[in-house]
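Student: Sequence:
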Amino acid sequence: MESVNELGDYLRARRAAVAPADIGLPDDGPRRVPGLRRDEVALLAGMSTDYYIRLEQGRERHPSEQVLRAIAGTLRLDDAATTHLFRLGLPAVGTVAAARTVAPELLRLMDGMREAPAFVVGAAQDVLAANAMARELYRGFARYDNLLRMIFLDPFAREFYADWDHAARIAVGNLRASSSQFPQNGRIERVVGELSVRSPAFTGLWARYEVRPRTHEDKHFRHPQVGEIRLHFEALAVTSAPGQHLSVYSAEPGSADADALVLLGRLSEQEPDRADRTDPAEETTEEPAEEGELRT
0 MESVNELGDY LRARRAAVAP ADIGLPDDGP RRVPGLRRDE VALLAGMSTD YYIRLEQGRE
60 RHPSEQVLRA IAGTLRLDDA ATTHLFRLGL PAVGTVAAAR TVAPELLRLM DGMREAPAFV
120 VGAAQDVLAA NAMARELYRG FARYDNLLRM IFLDPFAREF YADWDHAARI AVGNLRASSS
180 QFPQNGRIER VVGELSVRSP AFTGLWARYE VRPRTHEDKH FRHPQVGEIR LHFEALAVTS
240 APGQHLSVYS AEPGSADADA LVLLGRLSEQ EPDRADRTDP AEETTEEPAE EGELRT
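Taken in order, the sequence shown gives residues 0 to 295; the numbers are from numbering that gives the first Met the number 0.
Incorrect hints may have been included.
Unchecked claim - Simulated DEER-style distance windows between Cβ atoms:
#1 Arg142 x Pro25: 18 to 28 Å
#2 Pro25 x Ser239: 51 to 61 Å
#3 Arg168 x Gly72: 48 to 58 Å
#4 Gln224 x Arg75: 38 to 48 Å
Bear in mind the hints are in silico, worked out from the structure with no lab data behind them. Don't be surprised by glycine CBs; every beta carbon is placed ideally from N, CA and C.
Let's have the full structure, built from the sequences with the hints guiding it.
Tutor: Structure follows, in structure tokens:
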């Protein structure tokens, strides 16, 4: 469950991540806590220390855009982290709810991608639908239902991801971005709550308050049958369904990875039971994925 003072928690975490030298302050020796002091942030952001302290403590809940922008600059926040800060400090009225079901038109588009793994994820990183090649790519997992659960609770993830630490950090940062875009989303809260109880690794990363919306990156996998394969990942926002993204993998043309992708496609065709599209969420929950409980 999220803290009732998310803005304060976020400011403290990001303040701790900035070394004095990063912003030109002199090294005055060891500090009781890492990062900047509150009075240093206040001074550099052009506000009183008392006002900044009230922000962190949750006693000031209506900061202006100018104040937030000054703090973002002081803490060296990138665009994604600044967007997260604004969502916490200036919550929108009438927030749009995350979409729970995948439109038939999107399913047809995804299933038509016969040469690339493609799947749709929701705001809580539930796999709402996947084509045959995507299911084949992730076949080593006990369940293909929620990317966070798979990474942190399925032992196979340590074999599948060549750089598990990076994959875990990116996944948590992506969920953190969704949590501010869809505040008080019950499904996100249940995912965070379950993983916080069952995975110390998740708890440690979640406490960093890093915001990393996953839009594109290169991935390195170890598939049980195909072997090592490096793919490029693109996440395309579904504008008609808030919170949903169509995720697609591709390989460099003419490369060994492209050949491995062809083999992956052949493997998916050889298993008709796996090639018939089903909603992974329906196989593991009684409710739609966005509202279902996280189970193992």
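Student: Work down the list of hints and note, for each, if the structure agrees.
Tutor: Here's how the hints hold up against the structure:
Hint check: Arg142 to Pro25, Cβ distance near 53 Å, so the stated range 18 to 28 Å is violated. In this structure, Pro25 and Ser239 meet the distance hint of 51 to 61 Å, their C-beta atoms being roughly 53 Å apart. In this structure the supplied range 48 to 58 Å is violated for Arg168 paired with Gly72, their Cβ-Cβ distance being about 24 Å. Restraint check, Gln224 to Arg75: a C-beta distance of roughly 44 Å satisfies the suggested window 38 to 48 Å.
In summary, the numbered hints that this structure violates are 1 and 3.
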